[in-house]
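Whenever a hint applies, use it, and build me the whole structure from the sequences.
Chains as they are written, first to last, in the working numbering: chain A, 25 to 322; chain B, 25 to 322; chain C, 4 to 308; chain D, 4 to 308.
Errors might be hidden in some of the hints.
Simulated crosslink set (BS3-like; lysine-lysine; CA at most 25 Å straight-line) [what the hints assert, rightly or not]:
no. : chain 1 : residue 1 : chain 2 : residue 2
1   : B       : Lys47     : B       : Lys134
2   : A       : Lys134    : B       : Lys134
3   : B       : Lys300    : B       : Lys134
4   : C       : Lys34     : C       : Lys110
5   : B       : Lys225    : C       : Lys103
6   : A       : Lys47     : A       : Lys107
7   : A       : Lys134    : A       : Lys300
8   : C       : Lys34     : C       : Lys45
9   : D       : Lys103    : A       : Lys225
Have a look at the derived ranges for each label pair, beta carbon to beta carbon [said to hold, decoys possible]:
no. : chain 1 : residue 1 : chain 2 : residue 2 : range
10  : D       : Gln239    : B       : Asp288    : 50 to 56 Å
11  : D       : Thr246    : C       : Arg276    : 22 to 28 Å
12  : C       : Glu258    : B       : Glu287    : 57 to 63 Å
13  : A       : Ala303    : C       : Arg276    : 17 to 23 Å
Listing some non-contacts, in silico: residues in chain B with all C-beta distances to chain D over 12 Å [claimed, not checked]:
no. : residue
14  : Gly86
15  : Pro251
16  : Lys300
No wet-lab data here; the hints were simulated from the structure. Ideal placement from N, C-alpha and C gives every residue a C-beta, glycine not left out.
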Amino acid sequence: MTTDVDEMTSDAPPAPTAWDRVKLARATDRPTTQDYVAALFTDFVELHGDRLFGDDRALIGGVARFRGSTVMVIGHQGGTNTKENISRNFGMPRPEGYRKAQRLMRHAEKFGLPIVTLIDTSGADPGISSEERGQGTAIAESLMTMFGCRVPIVCTVIAEGGSGGALAIGIGDRLLMLENAIYAVASPEACATILWRDVEKAPEAAETMRVTAADCYRFGIVDDIVPEPQPAHEAPQEVIAATGDFIEQALRDIQSAFDPETEDGVAAMLDARYGKFRAIGAWRDASLDALDSATPES
Amino acid sequence: MTTDVDEMTSDAPPAPTAWDRVKLARATDRPTTQDYVAALFTDFVELHGDRLFGDDRALIGGVARFRGSTVMVIGHQGGTNTKENISRNFGMPRPEGYRKAQRLMRHAEKFGLPIVTLIDTSGADPGISSEERGQGTAIAESLMTMFGCRVPIVCTVIAEGGSGGALAIGIGDRLLMLENAIYAVASPEACATILWRDVEKAPEAAETMRVTAADCYRFGIVDDIVPEPQPAHEAPQEVIAATGDFIEQALRDIQSAFDPETEDGVAAMLDARYGKFRAIGAWRDASLDALDSATPES
Amino acid sequence: MRNFFKRQGKFQPRNGDDRNDQIIPEDLWVKCPKCSELIYSKELDRSARVCPKCGHHFRLRARHRIRLLVDPGSFEEWDTGLRPEDPLAFVDGQGPYPDKVERTQLKTGEVEALITGVCRVEGRPLVLVVADFDFLGASMGSVWGEKLARAVERAGEHGWPVMTVNASGGARMHEGLFSLMQMAKTVSAFHRLGERRLPHFSLLVDPCYGGVTASYATVADIVMAEPGALIGFAGQRVIEQITRQKLPDGFQTAEFLLEHGMIDFIIERQQLRQQVRTLIDLYMRDGENEPAPVVATAASIDVDA
Amino acid sequence: MRNFFKRQGKFQPRNGDDRNDQIIPEDLWVKCPKCSELIYSKELDRSARVCPKCGHHFRLRARHRIRLLVDPGSFEEWDTGLRPEDPLAFVDGQGPYPDKVERTQLKTGEVEALITGVCRVEGRPLVLVVADFDFLGASMGSVWGEKLARAVERAGEHGWPVMTVNASGGARMHEGLFSLMQMAKTVSAFHRLGERRLPHFSLLVDPCYGGVTASYATVADIVMAEPGALIGFAGQRVIEQITRQKLPDGFQTAEFLLEHGMIDFIIERQQLRQQVRTLIDLYMRDGENEPAPVVATAASIDVDA
Ligand SMILES: [Zn+2]
Ligand SMILES: [Zn+2]
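What follows is the structure, given as structure tokens:
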């Protein structure tokens, strides 16, 4: 899946750059959570509201049947036109959205329903009222909820995985990513503004941030990449169906690895979920280096 | 504890009427939650906020040491002057208050801390914004939380126990009530307005609503009455100390009956808590009457 | 106290799932309060009392709701013998509470405000709990709490889901603190049901206020509401009187609650049966809870003399 | 990749719990940004960098905070050998990330933004995790996550409570998605600690933003903040630019968060030690978790050449 130098010299078209991937991930007609729900799930019953303050339409969810089983599906949802974009806040969740997601996850846990999340957001809402109602706390609670949730969780980055708004529904036993999806700690534009003080440097920022599925896979953060032989917005049916197959396989793998119907199975699943994120990091231990070279200093 | 006909003919002063009790319960200088906390608890650390929307000063709580053990104490709190009354909304909780209480109860559960609640409110806040943020839902969640809370809970009506706002911290393994406290489904004034369309009939309403501690005890709703040889506002130290003794005894009784340190003990405690409220009701089964008299009709 | 009821032996409740549900109209035409259309009364009944022009949902009696939802003849009513007591010896301007209960029973044809039982919806067993607003404003008293607790406990024993249809004008003042305590009793019953992983579907209908809103009705696993239903804790008149503020447009409507995150969705009356079937299928997975056969006998024999 | 660090052998971090905590002042007098009082620099240090006139809390370096909180000499630092890698081979306008790290290390005297270890507070063991804002704006990268996870795991093994002192300017952009994932890693560590019923006390100090606010720092068992500290998820400039709205007075201050229900209380710096002692005593009941002896050796030997 990684860019190969050979490709550059062969007759094949050059591999997409990171910025190409960003544009593909953001393509206007790229399938959204609602498209996946419509194509892959039956009897979807959308459940609204956080029971606290509001209903955030930027983050939707509900119970549905997926390949024979009842599951909870939760995903970001932007709009397809200006009016819908405004009502859905361009897919940027507010605290209500995370708290609705937490409610649905606890609900899923109560009934033993596996959770399927679909990640597609440029990030958390950066508004005044979101801060007032604890945007940070709400995201943190979502992470805490997912680490304790006693049912299988499969997360898929279907388009743009932006920052804490993405991660807030991104803790699971498997993390999948579409080939043309991106996943980043900040948008390339934000990164360019912060580090180069020039938003026009976004393509360079995208490159240096390593936001592609191939990068995330190489880093050991993503477990599997759903290929897009054609970009999802050009062949939505095929890509959605393939995504469904990957999610189904991931759920089957989890269920056969842990048997989440038993106490021990759940404990092992939560241990593995912990271990998965515990292992993510790039650091070295200088004291071990020194021990290696047997020249300790005090 | 019940009014005795003999008293009326003896030299003793007549027993207080229900309305007298209402006035005693509402006496301006009757001790409040803060007075109990100051006198009975040490190292009180007040914990603020629901982590969702706000901090309701009408319902306070925190960790503290009570007779040698760390506990969570939660209670209604009105003000002692106009300014404080406004900031504490006259002790009428808003949804934030119940949600703070729920948070503190889950916190107590996490650390195995017994919960002590002190009830003193004229009722839930009847405001527009409280409705917007789900006053009913918030109270209901509090009840649900307390039925599932895996630590001992002792509730004490220290003054006025008004409606859902009182009940929201009133589910426990033991319910105590001070002799001059009242507990009612609605204020006598509201009842008089609804049923007589005349708020001046509040004294009659108080009588017919059976709001006194003696009534609540007779109905099997209250487990024990803390005597007030002198009304609490006349002898605060004595009454507060006596209340502390009753609470301590109630906690000891629960702990010796169930051993809440064990899984089985917790299960038995929750069963008993369920059974306590399951049994409350005044109804009859007409079909059994008929069976008794052996004259069934179809 | 056991005897006072026998004094009123002239009252005999009727059984069955499809009676007592129509108030005889003052005239044959009903004016829609929303669009002012004049609707022929029988036509309104045929359309589940939904205005054919604007979709306004008129209130429905409990038994009418049951008839619309369940498989014909499948509703087995439970605990019809339960009757209110008068523990407070309550007397108000309208006289003693027992007299008020008797008058209400005669007027409404019901013995209490809550009807419970088990039914089938397209063959699927479902415990059904329906409030009747015409019975003392569907105020929640001891009989309500006891019937509901029994119904929910039976659901737990049999592995059946529960649906509640909730309306209420508030507390049963005449039963004092007993009324308040039914909030606790009903919530605790559903807490237990939840531990068995059996779902509670709650439908809020117009009007739903007070202790019912502040107890089991709003902490169900799925909370639905009918379009336009007024739902809240404190009543609008009380709030206006106390706050002296103008209430916002649409305050306390189902749509308002949806926007404020308090309900899962709004369901039109004509879609309810299908939606309930879908929910049962989603939550009662794949025969895991094998439907027990509905008892074949008639509704519980009511033997009140 | 193991080698690049050896290239920078000239840097040698210092150890100990009470050094590296003072920036040499430009001059001997500091002007309080709140009350404009001119304060003699050494006097400010003696008052824990709290303005003696108005109580304004100046920022503190991590080691200064540690010194103020712990019993003298009791801080045993952990994992001082951990160093950032450069998995992205990140280069921005200021050059490669490793160079930036090296410059920062030389400037600050710290090897990373997070200091972890175990200490005693009036004899009571406490795992202490303190962020240093001077180190790349206390941005959370892989070393932060790893040091924190190790510290929390050790707390769990020994039955010790954990206190974190949290400041952050946001993500460590240079570590890309690894930085984001430290939010998950840190939260999961505390999730485990919670399963052992060991408490996490979090103190938010100025400024605390981004991934730290949106992870372990705000879901602690007790969340405290210093007076006036700015705490939020999105930065104020970002919010102003995007919303083009004026920010409310006091927006994102500790006092604002308290009012909005997000923190348990505000604690003045001079009261912290006493408050932490009280909390430890309340939660670590009655010798149930017998304090393990603090290892008597000096701070972990740092052997980076
Ligand atoms: Zn109409
Ligand atoms: Zn100053």
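(Q) Taking the earlier hints as the rules, which of them does this structure contradict? (A) 1, 11, 12, 13 and 14
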